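J.: Taking the hints into account, I'd like the entire structure generated from these sequences.
Same order as they appear, the protein sequences are chains H and F. By the working numbering, the letter at position 57 of the first sequence is numbered 57, and the numbering carries on one by one without gaps. By the working numbering, the letter at position 96 of the second sequence is numbered 96, and the numbering carries on one by one without gaps.
Bear in mind the hints are in silico, worked out from the structure with no lab data behind them. Because the structure is a prediction, the values reported are computed rather than measured. All residues carry an ideal CB built from backbone N, CA and C; glycine is no exception. Hints may be right or wrong, so weigh each one.
To be verified - Taking beta-carbon pairs under 8 Å as the criterion, some of the chain H residues facing chain F (in silico):
hint: 1; residue: Gln42
hint: 2; residue: Ser43
hint: 3; residue: Leu44
hint: 4; residue: Leu46
hint: 5; residue: Arg97
hint: 6; residue: Gln104
hint: 7; residue: Phe106
hint: 8; residue: Pro108
hint: 9; residue: Gly109
hint: 10; residue: Leu112
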Amino acid sequence: GAVVSQHPSRVICKSGTSVKIECRSLDFQATTMFWYRQFPKQSLMLMATSNEGSKATYEQGVEKDKFLINHASLTLSTLTVTSAHPEDSSFYICSARDPQLDTQYFGPGTRLTVL
Amino acid sequence: RKEVEQDPGPFNVPEGATVAFNCTYSNSASQSFFWYRQDCRKEPKLLMSVYSSGNEDGRFTAQLNRASQYISLLIRDSKLSDSATYLCVVNFRNDYKLSFGAGTTVTVRA
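T.: Listed below in structure tokens is the structure:
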């Protein structure tokens, strides 16, 4: 069964609104989670590394004030897309690292459409 | 230059055929290598890790060539269910960050 869940799986919102996406590790405690974005026919691009109890580390070119990440517990990280615009429409995928198995598991993804 | 490059394909093969494709990576200090499979509109799923000596998992064989900085995936006796996009994934540093290729699409036809 799934070891990482994401919610919601799909969201459609109006331009200017904020959208929160949750990523949960179900069977293990994840000190590190990652957030990716994938545009059609393109590769997954790492947006940021989410560390439990500390600030997220953002990749170059990713606005930290626009993509707010909170890793409040060892099983939950949230990504909030603030003031979403149509160009933010994408497939957002999180992954969680199981430190005991040294393996990353991916969530099922959230498809965001901004009108 | 992209960190990880793949031939996008598509590779259209009949059932039972063998299909192989490569991926090149730019950073010679890369440490870990993987093949993931991604079905349409779904998340990537780990197919197999790639080890220095090459490794096999059923009908799938992965090879690593550090000198030429490429990894390969070979699928024998293709099944219809093998139709997917195969993502080449590399870890450059010891910080668990993964770099993805854009994927190679394989379509197996009956």
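J.: Decide, hint by hint, whether the structure agrees.
T.: Hints, one by one, checked against the model:
1. Gln42: Constraint on H:Gln42 satisfied, holds at 6 Å.
2. Ser43: holds, 4 Å
3. Leu44: holds, 4 Å
4. Leu46: OK, holds: H:Leu46 within 8 Å of chain F, min 6 Å.
5. Arg97: This hint holds: H:Arg97 lies near chain F, its Cβ roughly 5 Å from the closest one there, short of 8 Å.
6. Gln104: Result: holds, 7 Å to nearest chain F Cβ.
7. Phe106: Hint on H:Phe106: holds, closest Cβ of chain F at ~4 Å, below 8 Å.
8. Pro108: holds, 5 Å
9. Gly109: Since the shortest Cβ distance to chain F is 5 Å, the answer is holds.
10. Leu112: violated, 13 Å
Hint 10 from the list above is the single one not met by this structure.
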